[in-house]
Amino acid sequence: MPLDAAAIRADFPLFKRDFGGGRTLAYLDSAATSLKPQPVLDALEAYNTRYTANIHRGIYTTAEEATAAYEAARASAARFLNAPSSSEIVFVRNATEAINLVAYSWGRKHIRQADTIVLTELEHHSNLVPWQLLVQEQDADLEFVAIDDQGRLDQQSFEVLLRTHPKLVAFNHVSNALGTINPVREMTARAHAAGALVLVDGAQGVPHGPVDVQDIDADFYVFSGHKALGPTGSGALWARRELLDAMPPFMGGGEMIREVHLRHTTFNDVPWKFEAGTPDIAAAIGLGAALEYLMALGMDRVRAHERMLTAYALDMLPRAVPGIRIIGPASPDERAGIVTFTLPGIHAHDVATLLDREAIAIRAGHHCTQPLHERLGESATGRASFNVYTTIDDLDRLAAGLRTVQRIFGEDGHSTAAGSVGAAAVQYPVSSHG
Amino acid sequence: MDDLYRDEILEHYRRPHNFGTLEHPDLSYEGANPLCGDRMTLMLDLDEAGTVTDVAFTGRGCAISQASASLLTDTLRGRTTTELGRLAKDDVLELLGIEISPARLKCALLSLDTLQRALAERPAGTVTTPNAVEVRA
Chain A
10 MPLDAAAIRA DFPLFKRDFG GGRTLAYLDS AATSLKPQPV LDALEAYNTR YTANIHRGIY
70 TTAEEATAAY EAARASAARF LNAPSSSEIV FVRNATEAIN LVAYSWGRKH IRQADTIVLT
130 ELEHHSNLVP WQLLVQEQDA DLEFVAIDDQ GRLDQQSFEV LLRTHPKLVA FNHVSNALGT
190 INPVREMTAR AHAAGALVLV DGAQGVPHGP VDVQDIDADF YVFSGHKALG PTGSGALWAR
250 RELLDAMPPF MGGGEMIREV HLRHTTFNDV PWKFEAGTPD IAAAIGLGAA LEYLMALGMD
310 RVRAHERMLT AYALDMLPRA VPGIRIIGPA SPDERAGIVT FTLPGIHAHD VATLLDREAI
370 AIRAGHHCTQ PLHERLGESA TGRASFNVYT TIDDLDRLAA GLRTVQRIFG EDGHSTAAGS
430 VGAAAVQYPV SSHG
Chain B
5 MDDLYRDEIL EHYRRPHNFG TLEHPDLSYE GANPLCGDRM TLMLDLDEAG TVTDVAFTGR
65 GCAISQASAS LLTDTLRGRT TTELGRLAKD DVLELLGIEI SPARLKCALL SLDTLQRALA
125 ERPAGTVTTP NAVEVRA
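Sequence lines, in order, name chains A and B.
When you read off a place in the first sequence, starting at 1, and then add 9, the result is the number in this note's numbering.
When you read off a place in the second sequence, starting at 1, and then add 4, the result is the number in this note's numbering.
Calculated directly from the structure, the hints in this document are not laboratory data.
Since we're looking at a predicted model, the values are computed, not measured.
Where is the CB? At the ideal position from N, CA and C, for every residue including glycine.
Be a bit skeptical, because a hint or two may be false.
Computed beta-carbon distance windows for the label pairs [stated by the list, open to error]:
#: 1; chain 1: B; residue 1: Ser-105; chain 2: A; residue 2: Asn-57; range: 25 to 35 Å
#: 2; chain 1: A; residue 1: Arg-32; chain 2: B; residue 2: Gly-101; range: 26 to 36 Å
#: 3; chain 1: B; residue 1: Gly-101; chain 2: A; residue 2: Asn-91; range: 51 to 61 Å
#: 4; chain 1: B; residue 1: Leu-123; chain 2: A; residue 2: Arg-32; range: 40 to 50 Å
#: 5; chain 1: A; residue 1: Ala-409; chain 2: B; residue 2: Gly-101; range: 28 to 38 Å
#: 6; chain 1: A; residue 1: Arg-32; chain 2: B; residue 2: Glu-15; range: 28 to 38 Å
#: 7; chain 1: A; residue 1: Leu-23; chain 2: B; residue 2: Gly-82; range: 44 to 54 Å
#: 8; chain 1: A; residue 1: Asn-63; chain 2: B; residue 2: Leu-123; range: 45 to 55 Å
#: 9; chain 1: B; residue 1: Ala-92; chain 2: A; residue 2: Ala-409; range: 34 to 44 Å
Can you build the whole structure from these sequences, using the hints too?
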C-alpha cells in the first residue's frame, strides 16, 4: 500500500502554521534538513521533562531510564541499518563528524605517504574536505571518479582509478545535489577486490530508502539524523567491529575511558571509546524515535513514495515550466527524491526569493558541492527535495511558482540567448562600459 | 508588481552598466559570494592622483548582485580611492532602494565587498594586474 502523505502530514506540526492566506508551507528542502514529526518531539520532551539525567553514571531511576533510552536509540539505528550489532553504532553530531572521525582516527593510522584515496566528483564538501586535510598531513593523494552528463558515476573511470590500488574509496549513497542513487553494493565489491576499504556517505541514503550495511558490505557507513526526521545534533557512524576495535580514539575525555591515571589511560569498549564527554542525549533519543517512525512506515514504501514524486516532477516540470533545465539522472529509478534545475536567464537565488513569497521553500546555490557545480558549468542551481510528507500538490505549487517567477522576469521560457537576460549578460561586449 | 524585483532592478540586471573588461586596469579583483559561489571581477583605471577614470565588471550573479554592481560602478568615476574606501553598506542599500532580507545581503553587497578587497590588496605605489600579479606603477 502506498504511503498516505496527507495522513502523515498530520504528524508534522509545521504544517499547522499559517504562511499567509491560510497557506501551508510547501517545504521542498528536505535534503537540507527534514521536518520533525510529533513522536520525535515527544521523545525530546520526555527526556527533557521526565527523566533528565546523564547517562552511564547515575545509580538512580532517571539515570537508568536515560541510559536505557540512549542505548535503545542505538539499537534502533542498528536495526535500521541492519548492522550485525549495536556496538558497531557510534553516535556523532552528524555525517560530517562521522567522516572526520574516520579520517582522523583510521586515516592517520593507515594512510601513509603516496597512498591514494579515491573520491568522486559527486561528493558533498563534507566528504571532500576531511580527506583533503588528511592527505595534506600524510602527503598522500586524492583521485576522483568522473561523472557522466546525467550526473552518474562513470564506472569505467572508477575501474581505472582502482588500478592505483587505493587504500580507501569514499562516495555517497545518494547525491545530495542531483539525487543520483549510486550502485553502492557493486562499487563496494569492486573496491574490495582492489584491496581498498569503503566508506559510504549515507546522509541522503538513510532518509530516502532502505539501507542494509551487510548487503552493501561497506566498511564504514555514516549518516545525519536531522535529514531523516530526527533532531539536529544527531547522527551515527557504523563501522565493522574489528575496524572500530583497532582504531585509536578520536577525542579524549569522560565516557570513553576505562581507567584514568595521571599519565596514562585505558579506553572503554566500542562504541563508547568514540563518545567522549556527555553526548547530545536528547538528540540521540530523538533520532531513535525518528528511525522507529520511518521503520513503522516501511522504508520500501518511503522509497516508492519518493520515486512516484520524482517521476511526476521529471515528467510534469518540463511541460509546465517551459525552458526549465533539469540536471541529473533522467530515470526516477536512478534518482532519489531530489530534483535539481535551472531556469534560463534567472539566477537560482532570485528563483528561491520569489518562491518564498509563495510559501515555497527550495534550496538555491551550490548545495555544498562547489566542485560538482564547476563540473556542470553552473554557479548555482535550484533544488527541490522531498520526504515522506511531500505531496503532488507541493510539486504543482512549485510549477505554478516557477511560472510566476518567469512572468516577473519577463521570461516566457522560450527565449533564445539573444532575448534572454542574465546568462546572456556574461557575453556582453566591452563597449557596454563607459 | 514585486518591489524587490521592480523594473529598475530588472533593467540593471538585463543591461548592467559598466559590464565588461578594461584592457590594462590599474586595479582588478575577483570577489566571490561564499553563499552561492557567484563571482565577479571588478576593474578600475586610476589616474596619478588615485581618481577613478574608468570602471568595469564581469561575472555572473543574481538580479540583486548584478543590479547592485551596475548601480555602484556608476558612482565610482571621478572619485578618489580614499573616497571609495569610505563607501559603506548603507550607501549600496540606498542605491538599490529596496528591502534586502538578511539571507540576500551578501548578494547585494558582493560588489562593495569586492571593491573593498581590491583597495585593501593594493599596497601604496603598486597596481595589480588582472592576474593579481603585482607590478610597479
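Notebook entry, point to check: Of the numbered hints stated previously, which ones are contradicted by the structure, given in increasing order?
Noted result: The structure breaks none of the hints.
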